[in-house]
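There are 2 protein chains.
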Amino acid sequence: MKAEIVSTGTELLLGETLNTSTHYLTGKLSSLGIEVDYHTTVGDNSQRLEQVLHKAIERSDLLITTGGLGPTADDLTKELVAKVLDLKMEKDSVSLEQIKQFFDRRKAPMPSSNEKQAFFPEGSKILPNPIGTAPGAIIEKGGKTVIILPGPPFEMEPMFNNYVWPELARIVGPNAVRMNERVIKVFGIGESALEKVLDELMNLPNLTLALLAKRAEMHIRLVARSTKITSGEALKALDEVEEEIRRRLGNKVFGRDQETMVGIVGQALNSQNLTISTAESCTGGLLGAAFTQEPGSSRFYLGGVVSYSNSLKRGILGVSEESLKAFGAVSEEVAKEMAEGIRSKTGSNLAISTTGIAGPDGGSDEKPVGLVYIGFATSKGVHAQKFQFYGERESVRQLTVQAALNEVRLRLLCKQ
Amino acid sequence: MKAEIVSTGTELLLGETLNTSTHYLTGKLSSLGIEVDYHTTVGDNSQRLEQVLHKAIERSDLLITTGGLGPTADDLTKELVAKVLDLKMEKDSVSLEQIKQFFDRRKAPMPSSNEKQAFFPEGSKILPNPIGTAPGAIIEKGGKTVIILPGPPFEMEPMFNNYVWPELARIVGPNAVRMNERVIKVFGIGESALEKVLDELMNLPNLTLALLAKRAEMHIRLVARSTKITSGEALKALDEVEEEIRRRLGNKVFGRDQETMVGIVGQALNSQNLTISTAESCTGGLLGAAFTQEPGSSRFYLGGVVSYSNSLKRGILGVSEESLKAFGAVSEEVAKEMAEGIRSKTGSNLAISTTGIAGPDGGSDEKPVGLVYIGFATSKGVHAQKFQFYGERESVRQLTVQAALNEVRLRLLCKQ
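Residue numbers (the numbering used here), protein chains in the order written: chain F, 1 to 416; chain D, 417 to 832.
One or more hints might be untrue.
Sample of chain D residues lacking proximity to chain F, with all beta carbon distances greater than 10 Å (derived) [said to hold, decoys possible]:
(1) Val458
(2) His470
(3) Glu810
Cβ-Cβ distance ranges computed for the label pairs, FRET-style [to be verified]:
(4) F:Gly142 with D:Met618: 44 to 50 Å
(5) F:His54 with D:Pro525: 49 to 55 Å
(6) D:Asp673 with F:Glu115: 56 to 62 Å
If you are wondering where the hints come from, they were derived from the structure by calculation, not from laboratory data.
Note that the Cβ used here is the ideal one computed from N, Cα and C, for glycine as well.
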C-alpha cells in the first residue's frame, strides 16, 4: 500500500510554521507498514493544490491531507479533492449542528462563513472535531482512499488517533506487510568505516539496513517486512542480524531502539551500585546535564565541578600548579588530577573529567582545536585518554560528552 | 522568482527525522522575498527522485535540494540533477583533496566510496563543506538555478549562510520585494498576556506581527515588505514598532534577532568586567553549559559546582546541615547558601544558584514539581527568588536556566 501526505498552508511556505504534522503522520503510517513515498507541501493556491492532489491520487493508494479546512475562501482542500475525484459537495447537517454548538459554547453567533466547514465530498465518512470547527473526512473511491485532516496538530492528532488509526488498521488487515524495525546504536566508528565492516549485511534479501549519522553516534536501522502472521520470522531475522552486527562491532555497539548512551550508563551504575562524579572543563556542565536529564539520576550521580578556570582546577579540585605550568590545562596529567580531585572531594566510586580545546579559538599546532583529554578515576587508580575531535565548538563539546559517557560504559562493562 | 525545495532521505519518510532543513531554508528564502511554492520529500529511490527533480526544475526558477550527497550507493542527488539537466559528472580535484584531508586529520585512509563525493555536474560552482565530506554545488542552466546542499542541518546551515545566501541576494537583485524581518525576544510573559499588551500592534497596515512561543521565551516576529530601494522606510517602521514594544514591555524584552539571553548576559558581564560562578542542583550543569556555549566565555565564567547531592552542597559549597534539615534542599535558605558558597569558593564578583524539583517525581503539596529557587550573591549580599514552573522535566530545567540568566541580566541592568 503506497501512501503520501499533502499538507497545505501558506504559513508552511513562509517558514513560519514547522511542518510537524507530516512527521507525526509518517511515523504512524510506517509503524502500520504503510510505505510513505512522498511528502508535498503546497500553499493555499487552488491551481497548484489541485495539481498536487491530482498527481497524488493518481500515483498512490492512500492520500492523507492536512490543512485547508478553515472557513475562509482560500481553504479549498475538500472542494478540490471532490473535484479531482469527480464528487459533488454535500452538506452534513450533524457537522453543521456541532459547529453551531461550538460557537454557542463561546456565546458567539456562528459566522456564515463557517457553514462551508459542514460541506463534504459525497459519500464521505465524517470525522468529528471536538476541539475545532473543522471536521475531517475519509473518502474511498476506485480503490483509492483519501483522508482529509485539519492543519493544527492539536486538532489533527486526536482525530487521527480516534478515527483514522483504527480505520487504517482495518484497511491494511492482518495480511498487510508491516515494518519490523530495530535501531542498533554505535559509538566510535564513522559512516564509511562502518559500511566496510557491515559489508554484505548492507544488501541482505530479507531485511534492509540503513546507516544514519547522528552528531555523536551512528545508528544502524534494520527493517524486516512481514505480515502480522509472519512477524515471528521477521523478528528472528532481526535478532540474527543484530547478533552478527554485535559480533563484528563488539562493544562499539552501546544500545538499541530507545536506549541512549546516558541511559545505558545510568542503568549500569545502578545495577553495580556505583556512584560517579564529574570534573568538567571544555564541556562546561554538559556532562552533568547529561547525567541528570533522566529522573532518578540522583541515585548514582553525586554531582561535580565545572572547573572552567585554572583557579578552580587548583582551588576545588586540587590540580597542582606544577602540572598546569608544565603540561597546560589541556593535558593527560591535568585530566587525571581533575578526575582524582573530584573523586576524593565527593567520595564517589568513579569520577570522570574532561579538558580540551572546544574552539573555534585557542588551538595551536601541538594542541589543535578538538584535542580533548578524558580522565577516569576509580579506587584502583586513574588514567586519561586522548581524543582528537573535529567540527565546530558545539560538536566538539557534544562528542566529548558522548566519549566520556562511553568511557564510563566500557569501564563498567569490564566491571572495573 | 518561483522556488521549491526538494529533500531526500528515507529517514524523513519513515518519520524518524523531522524535516527542519526545509523549514530553515523556507524562512531564509522568504526573507529574501523569494516565493517558495512547493516542498517535496522523497526517499532515496532513484526513479521517484528523478521524477520529482524533473518536475521541480520544469516548474520553478530555483530548486534547492537537501540530502543524498553521502558516499553510499543510494546517495544520488548530484547524479540525478546532472541527468535531468543533461550534464556530465566531473571530478573536482580540489574537493577530492579536501575530502582526503578530512580523513588525514582523522589518521584514517579515505574509503574509495567517498571519492564519489568529489564528483559534480559539469559547470557546478562548488560549495566547500568544512564540517563533513559532502560539498554542495550551485548549477545554473537555461535560466534555472539548482542548489545542492547536504542533509545534516549542522552541515547545511553554515554552507547556506556562507555561500548560498550572498549568491541568492545577487540573483534576486535590488528590485525584488523582500521581507525585512525583526524578532524581538521576550522573557517572563505568556502568549495570551503578550497578545493583550501588544493589542492593536497585532494588526498594523504596514507590517505584520506574529507571536512565536518558544520553550522558555516568547518571540515577536515583525515583517515589513519592501524593495531593496525602499528598505529604508521598512526599517524605520520596524524601529518605531520595536520602540513601542519595548516601551510597553520594559525589561521583559531581553534581545532581538540573533541575540540570545546568555549572549546578552555575557556581553554585560564583559563590559562591566565582572566574573560569575554557578552552583547548580536541579539544572545539573545546564547553566554552566549555557554560559560556556559561546567562545570566550572563560573571560567572565570561572566555573561552578553541580551539587546534585546534599553531601556536595555541604562538602564543597558549605551549605549548613541545619538549613538542609530545617528547610530542605529546595528552599530559599539553601539557594542563598549555595550562591554564597560558590562565590566565596571561586572569588567571583557574582554567583548564581539553582535548586528545585524538576520532576516528574519528588513533588509534594507544599513543594510541587516545578518549584525552583534561584539564589544570587554579590559583594553586597545575597538573595533568592522563588519560581513555580510548569511542564515536563526538561522544560522545568530549561526554564530554570533561562530564569537564572534573566536574573543576572536584570541585576546587571541596574548595575548591581
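>> Assuming the hint says 49 to 55 Å, is it satisfied by the Cβ distance from His54 (chain F) to Pro525 (chain D) or not?
In response: 51 Å, holds
> Could one say that the CB atoms of Gly142 (chain F) and Met618 (chain D) fall in the range 44 to 50 Å?
Replying inline: 46 Å, holds
> Can we confirm that no CB of chain F comes within 10 Å of the CB of Glu810 (chain D)?
Replying inline: Answer for Glu810 (chain D): violated, closest chain F Cβ roughly 7 Å.
> Is it true that Asp673 (chain D) and Glu115 (chain F) lie within 56 to 62 Å of each other by Cβ?
Replying inline: About 43 Å separates the Cβ atoms of Asp673 (chain D) and Glu115 (chain F), which means 56 to 62 Å is violated.
> Checking the smallest CB distance to chain F, is Val458 (chain D) really beyond 10 Å?
Replying inline: Given that some Cβ of chain F is not farther than 10 Å from that of Val458 (chain D), nearest at about 6 Å, it is violated.
> Hey, does His470 (chain D) actually stay past 10 Å from chain F on C-beta?
Replying inline: Holds, because the least Cβ-Cβ distance between His470 (chain D) and chain F comes to about 13 Å, which exceeds 10 Å.
Hints 1, 3, 6, counting from the list given before, are not met by this structure.
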